[in-house]
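Visitor: Sequence:
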Amino acid sequence: MEHHLARYAHAVDFTTQPAEYFAYHDLLTGLPNRTAFSAHLTRTVEAASATATSFAVVCFDLDRFKDINDTFGHAVGDDVLNAVATRLKLAAQDQFLTRIGGDGFIMIVPDPIQADLRRRLIAVQHAVGAELNIAGHTHRIRFSAGVAIFPNHGSSSEIEIVSNADEALRQAKRDGPESIRFFDTEMERRIRHRACIQRDLQSTIERNGLDLHYQPVALDTGEVVAFEALARWYHPKKGNISPGDFIPIAEESGQILQLSRWVLRQACQQAASWKRPLDIAVNLSPVQFQHEDLPALIGSVLSETGLAPKRLELEITEGALILDCDRALVTLTKLRKIGVQIVLDDFGTGYSSLSYLRDFPFSKIKIDRSFIEKIGVQDSAKAIIHAVIGLGHSMKMAVTAEGVETEEQLKYLRDEGCDLIQGYLIGRPAPIESYATLTGNIVSPNRSIYCSGGRLEKASLAGLGFNYTL
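Sequential numbering of the sequence shown, starting at 1158, is according to our numbering.
For the record, the hints were derived by calculation from the structure and aren't laboratory data.
It is possible that part of the hints are untrue.
Claimed, not checked - List of simulated lysine-lysine pairs, PhoX-like, C-alpha gap at most 20 angstroms: (1) K1553 / K1494; (2) K1491 / K1467; (3) K1494 / K1467; (4) K1330 / K1223; (5) K1432 / K1467; (6) K1467 / K1568; (7) K1568 / K1539; (8) K1568 / K1531.
Said to hold, decoys possible - For each label pair, taking beta carbons as the anchor points, the in silico distance ranges come out as: (9) M1552 / K1223: 19 to 29 angstroms; (10) K1223 / R1244: 17 to 27 angstroms; (11) P1434 / S1527: 26 to 36 angstroms.
The beta carbon of each residue, even a glycine, is placed where N, CA and C say it ideally should be.
Whole structure, please, built from the sequences with the hints as guidance.
Guide: Below, the structure written as C-alpha coordinates:
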(Lines of atoms letter the chains of each structure in order from A and count residues from 1; the text may use other names and numbers.)
(Lines give C-alpha, C1' and ligand atoms only; values in the text may rest on other atoms or scores of the structure.)
Protein backbone atom coordinates (compact mmCIF):
# COMPACT_ATOMS: atom_id res chain seq x y z
CA MET A 1 0.00 0.00 0.00
CA GLU A 2 2.85 2.37 0.81
CA HIS A 3 4.37 1.74 -2.61
CA HIS A 4 1.01 2.33 -4.26
CA LEU A 5 0.57 5.67 -2.53
CA ALA A 6 4.12 6.76 -3.28
CA ARG A 7 3.60 6.19 -6.97
CA TYR A 8 0.90 8.85 -7.03
CA ALA A 9 2.50 11.38 -4.73
CA HIS A 10 3.02 13.65 -7.72
CA ALA A 11 -0.76 13.69 -8.32
CA VAL A 12 -1.92 14.27 -4.76
CA ASP A 13 0.02 15.63 -1.79
CA PHE A 14 -1.24 13.24 0.89
CA THR A 15 0.46 15.09 3.70
CA THR A 16 -1.51 18.31 3.20
CA GLN A 17 -4.97 16.97 2.40
CA PRO A 18 -7.66 16.35 5.04
CA ALA A 19 -9.06 12.84 5.30
CA GLU A 20 -12.39 13.76 3.67
CA TYR A 21 -10.52 14.90 0.56
CA PHE A 22 -9.98 11.29 -0.48
CA ALA A 23 -13.70 10.51 -0.32
CA TYR A 24 -14.33 12.93 -3.18
CA HIS A 25 -11.15 12.82 -5.27
CA ASP A 26 -9.52 10.32 -7.59
CA LEU A 27 -6.33 8.88 -6.12
CA LEU A 28 -4.42 8.85 -9.41
CA THR A 29 -5.28 12.22 -10.97
CA GLY A 30 -6.56 14.31 -8.09
CA LEU A 31 -9.71 15.05 -10.08
CA PRO A 32 -13.15 14.85 -8.46
CA ASN A 33 -14.29 11.22 -8.38
CA ARG A 34 -17.64 9.59 -9.12
CA THR A 35 -19.03 10.50 -5.68
CA ALA A 36 -18.17 14.17 -6.14
CA PHE A 37 -19.57 14.08 -9.69
CA SER A 38 -22.89 12.66 -8.52
CA ALA A 39 -23.30 15.41 -5.91
CA HIS A 40 -22.29 18.13 -8.37
CA LEU A 41 -24.66 16.82 -11.04
CA THR A 42 -27.57 16.83 -8.61
CA ARG A 43 -26.90 20.47 -7.73
CA THR A 44 -26.51 21.36 -11.43
CA VAL A 45 -29.82 19.73 -12.37
CA GLU A 46 -31.62 21.53 -9.54
CA ALA A 47 -30.16 24.90 -10.54
CA ALA A 48 -30.90 24.43 -14.24
CA SER A 49 -34.46 23.34 -13.52
CA ALA A 50 -35.05 26.36 -11.26
CA THR A 51 -33.65 28.86 -13.77
CA ALA A 52 -34.82 27.19 -17.00
CA THR A 53 -31.24 26.97 -18.26
CA SER A 54 -29.32 24.13 -19.85
CA PHE A 55 -26.03 22.32 -19.51
CA ALA A 56 -24.16 19.58 -21.33
CA VAL A 57 -22.76 16.31 -19.98
CA VAL A 58 -19.71 15.32 -22.05
CA CYS A 59 -18.37 11.78 -21.68
CA PHE A 60 -14.76 11.24 -22.82
CA ASP A 61 -13.12 7.89 -23.47
CA LEU A 62 -9.54 7.41 -24.69
CA ASP A 63 -9.23 5.54 -27.98
CA ARG A 64 -7.37 2.23 -27.74
CA PHE A 65 -5.91 3.06 -24.37
CA LYS A 66 -5.77 -0.66 -23.57
CA ASP A 67 -3.01 -1.00 -26.16
CA ILE A 68 -0.80 1.25 -24.02
CA ASN A 69 -1.38 -0.86 -20.92
CA ASP A 70 -0.77 -4.09 -22.84
CA THR A 71 2.35 -2.82 -24.61
CA PHE A 72 4.08 -0.69 -21.98
CA GLY A 73 2.51 -1.87 -18.73
CA HIS A 74 0.03 -0.38 -16.27
CA ALA A 75 2.58 1.90 -14.64
CA VAL A 76 3.12 3.73 -17.94
CA GLY A 77 -0.63 3.64 -18.52
CA ASP A 78 -1.20 5.37 -15.18
CA ASP A 79 1.37 8.04 -16.06
CA VAL A 80 -0.39 8.61 -19.39
CA LEU A 81 -3.76 8.95 -17.63
CA ASN A 82 -2.33 11.46 -15.20
CA ALA A 83 -0.83 13.51 -18.04
CA VAL A 84 -4.11 13.38 -19.97
CA ALA A 85 -6.00 14.53 -16.87
CA THR A 86 -3.64 17.51 -16.55
CA ARG A 87 -4.21 18.49 -20.17
CA LEU A 88 -7.96 18.05 -19.84
CA LYS A 89 -7.99 20.29 -16.75
CA LEU A 90 -6.19 23.03 -18.66
CA ALA A 91 -8.49 22.68 -21.66
CA ALA A 92 -11.64 22.52 -19.51
CA GLN A 93 -10.63 25.76 -17.80
CA ASP A 94 -13.22 26.37 -15.06
CA GLN A 95 -15.65 23.62 -16.13
CA PHE A 96 -16.32 20.73 -13.78
CA LEU A 97 -14.21 17.71 -14.79
CA THR A 98 -14.21 14.26 -13.20
CA ARG A 99 -12.53 10.92 -13.73
CA ILE A 100 -15.16 8.21 -13.36
CA GLY A 101 -12.77 5.28 -13.56
CA GLY A 102 -10.50 3.57 -16.08
CA ASP A 103 -9.86 5.90 -19.00
CA GLY A 104 -13.24 7.63 -18.72
CA PHE A 105 -13.78 11.30 -17.90
CA ILE A 106 -16.87 13.53 -17.74
CA MET A 107 -17.11 17.31 -18.13
CA ILE A 108 -20.13 19.52 -17.39
CA VAL A 109 -20.54 22.58 -19.60
CA PRO A 110 -23.16 25.24 -18.75
CA ASP A 111 -25.35 26.96 -21.36
CA PRO A 112 -24.02 25.01 -24.37
CA ILE A 113 -24.59 25.87 -28.03
CA GLN A 114 -24.07 22.68 -30.04
CA ALA A 115 -21.92 24.13 -32.82
CA ASP A 116 -19.74 26.06 -30.36
CA LEU A 117 -19.40 23.03 -28.09
CA ARG A 118 -18.32 20.82 -31.00
CA ARG A 119 -15.61 23.31 -31.96
CA ARG A 120 -14.47 23.47 -28.37
CA LEU A 121 -14.29 19.68 -28.06
CA ILE A 122 -12.23 19.49 -31.24
CA ALA A 123 -9.83 22.01 -29.70
CA VAL A 124 -9.65 19.87 -26.56
CA GLN A 125 -8.86 16.83 -28.73
CA HIS A 126 -5.97 18.73 -30.31
CA ALA A 127 -4.65 19.82 -26.91
CA VAL A 128 -4.80 16.33 -25.43
CA GLY A 129 -3.46 14.75 -28.62
CA ALA A 130 -0.17 16.63 -28.65
CA GLU A 131 2.86 14.34 -28.38
CA LEU A 132 3.39 12.94 -24.92
CA ASN A 133 6.78 11.57 -23.84
CA ILE A 134 6.66 9.08 -20.98
CA ALA A 135 9.31 6.55 -19.93
CA GLY A 136 11.27 7.14 -23.12
CA HIS A 137 8.33 6.55 -25.44
CA THR A 138 6.26 8.99 -27.46
CA HIS A 139 2.48 8.64 -27.33
CA ARG A 140 -0.28 10.31 -29.31
CA ILE A 141 -3.46 10.23 -27.25
CA ARG A 142 -6.83 10.40 -28.96
CA PHE A 143 -10.27 10.35 -27.44
CA SER A 144 -13.90 10.16 -28.51
CA ALA A 145 -16.73 12.09 -26.89
CA GLY A 146 -20.46 11.72 -26.40
CA VAL A 147 -22.68 14.65 -25.45
CA ALA A 148 -26.18 14.95 -23.97
CA ILE A 149 -27.80 18.33 -23.21
CA PHE A 150 -30.18 18.95 -20.32
CA PRO A 151 -33.18 19.20 -20.50
CA ASN A 152 -33.54 18.22 -24.20
CA HIS A 153 -31.79 14.87 -23.79
CA GLY A 154 -32.96 13.92 -20.35
CA SER A 155 -34.80 15.80 -17.66
CA SER A 156 -36.36 13.06 -15.56
CA SER A 157 -33.24 12.14 -13.58
CA GLU A 158 -29.49 12.53 -13.32
CA ILE A 159 -29.13 8.92 -14.42
CA GLU A 160 -30.99 9.61 -17.67
CA ILE A 161 -28.80 12.49 -18.82
CA VAL A 162 -25.58 10.57 -18.07
CA SER A 163 -26.92 7.40 -19.73
CA ASN A 164 -27.77 9.37 -22.85
CA ALA A 165 -24.31 10.96 -22.96
CA ASP A 166 -22.85 7.48 -22.58
CA GLU A 167 -25.02 6.23 -25.45
CA ALA A 168 -23.70 9.06 -27.61
CA LEU A 169 -20.16 8.08 -26.63
CA ARG A 170 -20.88 4.48 -27.54
CA GLN A 171 -21.96 5.60 -31.01
CA ALA A 172 -18.87 7.82 -31.29
CA LYS A 173 -16.65 4.81 -30.54
CA ARG A 174 -18.42 2.88 -33.28
CA ASP A 175 -17.80 5.77 -35.69
CA GLY A 176 -14.05 5.55 -35.19
CA PRO A 177 -11.20 7.32 -33.36
CA GLU A 178 -11.64 10.97 -32.34
CA SER A 179 -15.35 10.97 -33.11
CA ILE A 180 -17.81 13.30 -31.40
CA ARG A 181 -21.50 12.49 -31.24
CA PHE A 182 -24.44 14.38 -29.75
CA PHE A 183 -27.40 12.42 -28.45
CA ASP A 184 -30.26 12.33 -30.96
CA THR A 185 -33.68 10.78 -31.56
CA GLU A 186 -32.23 7.70 -33.28
CA MET A 187 -30.15 6.94 -30.21
CA GLU A 188 -33.25 7.44 -28.07
CA ARG A 189 -35.08 4.91 -30.24
CA ARG A 190 -32.21 2.44 -29.82
CA ILE A 191 -32.28 2.84 -26.04
CA ARG A 192 -36.01 2.11 -25.93
CA HIS A 193 -35.53 -0.84 -28.26
CA ARG A 194 -32.69 -2.20 -26.14
CA ALA A 195 -34.77 -1.84 -22.97
CA CYS A 196 -37.67 -3.75 -24.56
CA ILE A 197 -35.37 -6.50 -25.83
CA GLN A 198 -33.71 -6.80 -22.43
CA ARG A 199 -37.07 -7.05 -20.62
CA ASP A 200 -38.60 -9.55 -23.05
CA LEU A 201 -35.41 -11.62 -23.24
CA GLN A 202 -35.41 -12.12 -19.49
CA SER A 203 -38.95 -13.49 -19.47
CA THR A 204 -38.17 -15.64 -22.53
CA ILE A 205 -35.14 -17.20 -20.86
CA GLU A 206 -37.09 -17.86 -17.66
CA ARG A 207 -39.85 -19.74 -19.50
CA ASN A 208 -37.42 -21.60 -21.81
CA GLY A 209 -38.79 -19.72 -24.80
CA LEU A 210 -35.59 -19.73 -26.85
CA ASP A 211 -34.78 -22.34 -29.48
CA LEU A 212 -31.56 -23.93 -30.64
CA HIS A 213 -30.80 -24.39 -34.31
CA TYR A 214 -27.95 -26.59 -35.46
CA GLN A 215 -25.60 -26.04 -38.39
CA PRO A 216 -23.64 -29.01 -39.74
CA VAL A 217 -19.86 -29.09 -40.08
CA ALA A 218 -18.45 -31.50 -42.66
CA LEU A 219 -15.13 -32.98 -43.68
CA ASP A 220 -13.98 -32.13 -47.19
CA THR A 221 -15.34 -35.56 -48.18
CA GLY A 222 -18.82 -34.42 -47.31
CA GLU A 223 -19.16 -36.45 -44.12
CA VAL A 224 -20.87 -34.42 -41.40
CA VAL A 225 -18.92 -34.81 -38.17
CA ALA A 226 -20.26 -32.02 -35.97
CA PHE A 227 -22.96 -29.44 -35.41
CA GLU A 228 -22.73 -25.91 -34.05
CA ALA A 229 -25.55 -24.93 -31.67
CA LEU A 230 -26.95 -21.46 -32.30
CA ALA A 231 -29.55 -19.65 -30.18
CA ARG A 232 -32.69 -18.44 -31.95
CA TRP A 233 -35.50 -16.26 -30.64
CA TYR A 234 -38.94 -15.99 -32.15
CA HIS A 235 -40.75 -13.07 -30.50
CA PRO A 236 -44.57 -13.35 -30.49
CA LYS A 237 -44.93 -9.72 -31.63
CA LYS A 238 -41.66 -8.86 -33.33
CA GLY A 239 -41.07 -12.18 -35.08
CA ASN A 240 -37.55 -13.55 -35.45
CA ILE A 241 -35.01 -11.42 -33.58
CA SER A 242 -31.50 -11.68 -34.91
CA PRO A 243 -28.79 -13.03 -32.58
CA GLY A 244 -26.76 -10.02 -33.72
CA ASP A 245 -29.41 -7.91 -32.01
CA PHE A 246 -30.14 -9.74 -28.76
CA ILE A 247 -26.73 -11.28 -27.97
CA PRO A 248 -24.92 -7.91 -27.55
CA ILE A 249 -27.79 -6.66 -25.37
CA ALA A 250 -27.57 -9.82 -23.27
CA GLU A 251 -23.82 -9.28 -22.86
CA GLU A 252 -24.28 -5.68 -21.74
CA SER A 253 -26.99 -6.57 -19.24
CA GLY A 254 -25.36 -9.70 -17.85
CA GLN A 255 -28.19 -11.90 -19.15
CA ILE A 256 -25.65 -13.65 -21.34
CA LEU A 257 -24.59 -15.78 -18.36
CA GLN A 258 -28.05 -17.27 -17.89
CA LEU A 259 -28.55 -17.56 -21.65
CA SER A 260 -25.19 -19.27 -22.21
CA ARG A 261 -25.81 -21.80 -19.44
CA TRP A 262 -29.13 -22.67 -21.05
CA VAL A 263 -27.56 -23.09 -24.50
CA LEU A 264 -24.76 -25.24 -23.10
CA ARG A 265 -27.09 -27.59 -21.23
CA GLN A 266 -29.59 -27.89 -24.08
CA ALA A 267 -26.88 -28.53 -26.68
CA CYS A 268 -25.08 -31.13 -24.58
CA GLN A 269 -28.32 -32.87 -23.68
CA GLN A 270 -29.34 -32.95 -27.33
CA ALA A 271 -25.97 -34.26 -28.52
CA ALA A 272 -25.95 -36.97 -25.85
CA SER A 273 -29.21 -38.31 -27.32
CA TRP A 274 -27.82 -38.81 -30.83
CA LYS A 275 -27.17 -42.33 -32.06
CA ARG A 276 -24.08 -41.13 -33.94
CA PRO A 277 -21.32 -39.64 -31.75
CA LEU A 278 -21.06 -36.31 -33.58
CA ASP A 279 -19.31 -33.38 -31.94
CA ILE A 280 -21.28 -30.38 -30.70
CA ALA A 281 -19.88 -26.84 -30.78
CA VAL A 282 -21.05 -24.13 -28.39
CA ASN A 283 -20.00 -20.48 -28.40
CA LEU A 284 -18.66 -18.96 -25.19
CA SER A 285 -19.16 -15.28 -24.41
CA PRO A 286 -16.27 -13.07 -23.27
CA VAL A 287 -18.44 -12.14 -20.29
CA GLN A 288 -18.34 -15.74 -19.09
CA PHE A 289 -14.56 -15.58 -18.76
CA GLN A 290 -14.91 -12.69 -16.32
CA HIS A 291 -17.87 -13.82 -14.22
CA GLU A 292 -18.14 -17.58 -14.49
CA ASP A 293 -16.29 -20.57 -13.09
CA LEU A 294 -16.27 -22.21 -16.51
CA PRO A 295 -14.41 -25.42 -15.66
CA ALA A 296 -16.87 -26.14 -12.84
CA LEU A 297 -19.86 -25.32 -15.07
CA ILE A 298 -18.62 -27.44 -17.98
CA GLY A 299 -17.80 -30.35 -15.69
CA SER A 300 -21.24 -30.17 -14.09
CA VAL A 301 -23.08 -30.05 -17.43
CA LEU A 302 -21.09 -32.95 -18.86
CA SER A 303 -21.85 -34.99 -15.75
CA GLU A 304 -25.56 -34.12 -15.86
CA THR A 305 -26.01 -34.89 -19.54
CA GLY A 306 -23.62 -37.84 -19.90
CA LEU A 307 -21.92 -36.29 -22.94
CA ALA A 308 -18.34 -37.44 -23.49
CA PRO A 309 -15.98 -34.46 -22.96
CA LYS A 310 -14.14 -35.06 -26.25
CA ARG A 311 -17.39 -34.44 -28.17
CA LEU A 312 -17.81 -30.89 -26.81
CA GLU A 313 -16.18 -28.02 -28.70
CA LEU A 314 -16.06 -24.64 -26.97
CA GLU A 315 -15.67 -21.78 -29.44
CA ILE A 316 -14.15 -18.54 -28.21
CA THR A 317 -13.19 -15.32 -29.94
CA GLU A 318 -10.20 -13.09 -29.29
CA GLY A 319 -12.49 -10.81 -27.29
CA ALA A 320 -12.70 -13.51 -24.61
CA LEU A 321 -8.92 -13.50 -24.24
CA ILE A 322 -7.88 -9.85 -24.31
CA LEU A 323 -9.88 -8.82 -21.22
CA ASP A 324 -7.61 -10.87 -18.96
CA CYS A 325 -5.10 -13.07 -20.76
CA ASP A 326 -3.70 -14.66 -17.60
CA ARG A 327 -7.10 -15.67 -16.32
CA ALA A 328 -8.14 -16.93 -19.76
CA LEU A 329 -5.03 -19.12 -19.99
CA VAL A 330 -5.72 -20.69 -16.60
CA THR A 331 -9.36 -21.29 -17.54
CA LEU A 332 -8.61 -22.82 -20.94
CA THR A 333 -5.89 -25.05 -19.51
CA LYS A 334 -8.36 -26.42 -16.94
CA LEU A 335 -10.95 -26.99 -19.67
CA ARG A 336 -8.46 -28.92 -21.80
CA LYS A 337 -7.68 -31.12 -18.81
CA ILE A 338 -11.38 -31.96 -18.60
CA GLY A 339 -11.04 -33.26 -22.16
CA VAL A 340 -13.11 -30.77 -24.18
CA GLN A 341 -11.89 -29.18 -27.40
CA ILE A 342 -11.08 -25.45 -27.55
CA VAL A 343 -11.65 -23.65 -30.84
CA LEU A 344 -10.43 -20.14 -31.71
CA ASP A 345 -13.33 -18.60 -33.63
CA ASP A 346 -13.17 -15.79 -36.23
CA PHE A 347 -9.43 -16.26 -36.66
CA GLY A 348 -7.73 -13.41 -38.50
CA THR A 349 -10.03 -10.60 -37.40
CA GLY A 350 -8.13 -9.59 -34.24
CA TYR A 351 -4.78 -8.01 -33.51
CA SER A 352 -2.92 -10.71 -31.63
CA SER A 353 -4.13 -14.03 -33.03
CA LEU A 354 -0.65 -15.42 -33.75
CA SER A 355 0.50 -15.01 -30.18
CA TYR A 356 -2.74 -16.61 -28.99
CA LEU A 357 -2.04 -19.69 -31.11
CA ARG A 358 1.35 -19.95 -29.49
CA ASP A 359 0.22 -19.39 -25.90
CA PHE A 360 -3.23 -20.97 -25.62
CA PRO A 361 -4.20 -24.68 -25.82
CA PHE A 362 -6.38 -24.59 -28.94
CA SER A 363 -7.30 -27.77 -30.80
CA LYS A 364 -8.89 -26.05 -33.80
CA ILE A 365 -9.08 -22.67 -35.48
CA LYS A 366 -11.89 -21.28 -37.64
CA ILE A 367 -11.11 -18.99 -40.55
CA ASP A 368 -13.49 -16.05 -40.44
CA ARG A 369 -16.13 -15.83 -43.15
CA SER A 370 -14.87 -12.39 -44.17
CA PHE A 371 -11.89 -14.13 -45.81
CA ILE A 372 -13.92 -16.97 -47.32
CA GLU A 373 -16.33 -14.62 -49.08
CA LYS A 374 -13.38 -12.94 -50.83
CA ILE A 375 -12.27 -16.16 -52.56
CA GLY A 376 -12.43 -15.44 -56.28
CA VAL A 377 -12.62 -11.71 -55.57
CA GLN A 378 -9.33 -10.83 -53.88
CA ASP A 379 -6.08 -12.73 -54.44
CA SER A 380 -4.89 -11.54 -51.03
CA ALA A 381 -7.74 -13.49 -49.37
CA LYS A 382 -6.47 -16.71 -50.95
CA ALA A 383 -2.95 -15.96 -49.77
CA ILE A 384 -4.17 -15.42 -46.22
CA ILE A 385 -6.27 -18.60 -46.23
CA HIS A 386 -3.32 -20.58 -47.59
CA ALA A 387 -1.09 -19.22 -44.83
CA VAL A 388 -3.63 -19.86 -42.05
CA ILE A 389 -4.22 -23.47 -43.12
CA GLY A 390 -0.47 -24.07 -43.28
CA LEU A 391 0.03 -22.43 -39.89
CA GLY A 392 -2.74 -24.44 -38.27
CA HIS A 393 -1.44 -27.73 -39.61
CA SER A 394 2.12 -26.92 -38.57
CA MET A 395 0.83 -26.47 -35.01
CA LYS A 396 -1.18 -29.72 -35.12
CA MET A 397 -4.51 -27.87 -35.21
CA ALA A 398 -7.46 -28.69 -37.44
CA VAL A 399 -8.73 -25.80 -39.55
CA THR A 400 -12.40 -25.02 -40.22
CA ALA A 401 -13.63 -22.59 -42.89
CA GLU A 402 -16.91 -20.92 -41.95
CA GLY A 403 -19.30 -19.12 -44.27
CA VAL A 404 -18.75 -21.39 -47.28
CA GLU A 405 -21.54 -20.68 -49.76
CA THR A 406 -20.28 -21.40 -53.29
CA GLU A 407 -18.77 -24.32 -55.20
CA GLU A 408 -15.76 -22.16 -56.08
CA GLN A 409 -15.02 -21.55 -52.41
CA LEU A 410 -15.38 -25.24 -51.59
CA LYS A 411 -13.07 -26.34 -54.42
CA TYR A 412 -10.36 -23.89 -53.36
CA LEU A 413 -10.58 -24.96 -49.71
CA ARG A 414 -10.38 -28.61 -50.69
CA ASP A 415 -7.35 -27.96 -52.87
CA GLU A 416 -5.68 -26.16 -49.95
CA GLY A 417 -6.34 -29.06 -47.59
CA CYS A 418 -8.81 -27.32 -45.27
CA ASP A 419 -10.01 -29.94 -42.78
CA LEU A 420 -13.59 -28.87 -42.09
CA ILE A 421 -16.25 -26.93 -43.96
CA GLN A 422 -19.19 -24.98 -42.52
CA GLY A 423 -21.67 -22.73 -44.28
CA TYR A 424 -24.90 -22.57 -46.24
CA LEU A 425 -23.44 -24.80 -48.95
CA ILE A 426 -23.22 -27.61 -46.42
CA GLY A 427 -26.34 -26.76 -44.44
CA ARG A 428 -28.27 -23.89 -42.94
CA PRO A 429 -28.94 -23.61 -39.19
CA ALA A 430 -32.18 -25.52 -38.54
CA PRO A 431 -33.99 -27.41 -35.78
CA ILE A 432 -32.22 -30.69 -35.08
CA GLU A 433 -35.25 -32.60 -36.38
CA SER A 434 -34.23 -31.45 -39.87
CA TYR A 435 -31.01 -33.41 -39.44
CA ALA A 436 -32.42 -36.51 -37.77
CA THR A 437 -30.94 -38.82 -40.41
CA LEU A 438 -27.49 -37.36 -39.85
CA THR A 439 -27.69 -37.81 -36.09
CA GLY A 440 -28.88 -41.39 -36.57
CA ASN A 441 -32.07 -40.86 -34.63
CA ILE A 442 -34.44 -41.99 -37.41
CA VAL A 443 -34.27 -44.52 -40.22
CA SER A 444 -33.38 -42.96 -43.58
CA PRO A 445 -36.43 -42.22 -45.75
CA ASN A 446 -36.80 -43.84 -49.17
CA ARG A 447 -35.59 -40.72 -50.95
CA SER A 448 -32.63 -39.84 -48.78
CA ILE A 449 -30.41 -36.81 -49.23
CA TYR A 450 -27.67 -38.63 -47.28
CA CYS A 451 -25.28 -41.41 -48.12
CA SER A 452 -24.36 -44.16 -45.68
CA GLY A 453 -22.23 -43.00 -42.79
CA GLY A 454 -23.91 -39.62 -42.63
CA ARG A 455 -22.31 -38.08 -45.72
CA LEU A 456 -24.36 -35.25 -47.16
CA GLU A 457 -25.08 -36.10 -50.80
CA LYS A 458 -27.33 -33.25 -51.88
CA ALA A 459 -28.46 -30.10 -50.17
CA SER A 460 -31.67 -28.37 -51.15
CA LEU A 461 -33.06 -24.89 -50.77
CA ALA A 462 -35.93 -26.36 -48.78
CA GLY A 463 -33.76 -27.15 -45.81
CA LEU A 464 -30.04 -27.42 -46.22
CA GLY A 465 -28.81 -24.61 -48.42
CA PHE A 466 -27.88 -24.60 -52.09
CA ASN A 467 -28.27 -27.51 -54.52
CA TYR A 468 -24.91 -29.20 -54.55
CA THR A 469 -23.51 -32.71 -54.73
CA LEU A 470 -20.45 -33.25 -52.58
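Visitor: Given the hint that K1568 pairs with K1539, test it: the Cα-Cα distance must not exceed 20 angstroms.
Guide: holds (12 angstroms)
Visitor: So if I understand the rule, the pair passes when the alpha-carbon distance is 20 angstroms or less; does K1568 with K1531 pass?
Guide: Holds. K1568 to K1531 sits at ~14 angstroms (cutoff 20 angstroms).
Visitor: Does K1568 lie within 20 angstroms of K1467 when you go C-alpha to C-alpha?
Guide: Roughly 30 angstroms separates the two Cα atoms, so the pair is violated.
Visitor: Is 19 to 29 angstroms a correct range for the gap between the Cβ atoms of M1552 and K1223?
Guide: holds (27 angstroms)
Visitor: Within a Cα-Cα threshold of 20 angstroms, do K1491 and K1467 meet the stated pairing?
Guide: holds (14 angstroms)
Visitor: Would you check the hint for K1494 and K1467, treating anything up to 20 angstroms between C-alpha atoms as holding?
Guide: holds (11 angstroms)
Visitor: Next pair to validate is K1553 with K1494; report whether the Cα-Cα distance is within 20 angstroms.
Guide: The given pair, whose Cα atoms are some 18 angstroms apart, holds under the 20 angstroms limit.
Visitor: For K1223 and R1244, compare the CB-CB distance with the range 17 to 27 angstroms and indicate the outcome.
Guide: holds (20 angstroms)
Visitor: Compare the distance between the alpha carbons of K1330 and K1223 with 20 angstroms, and conclude whether the hinted pair is satisfied.
Guide: holds (14 angstroms)
Visitor: Between the beta carbons of P1434 and S1527, is the distance compatible with 26 to 36 angstroms?
Guide: Once the Cβ atoms are compared, 32 angstroms apart, the range 26 to 36 angstroms for S1527 and P1434 holds.
Visitor: Holds or violated: are the alpha carbons of K1432 and K1467 at most 20 angstroms from each other?
Guide: Status holds; Cα separation ~16 angstroms.
When the structure is compared with the earlier hints, a violation turns up for hint 6 alone.
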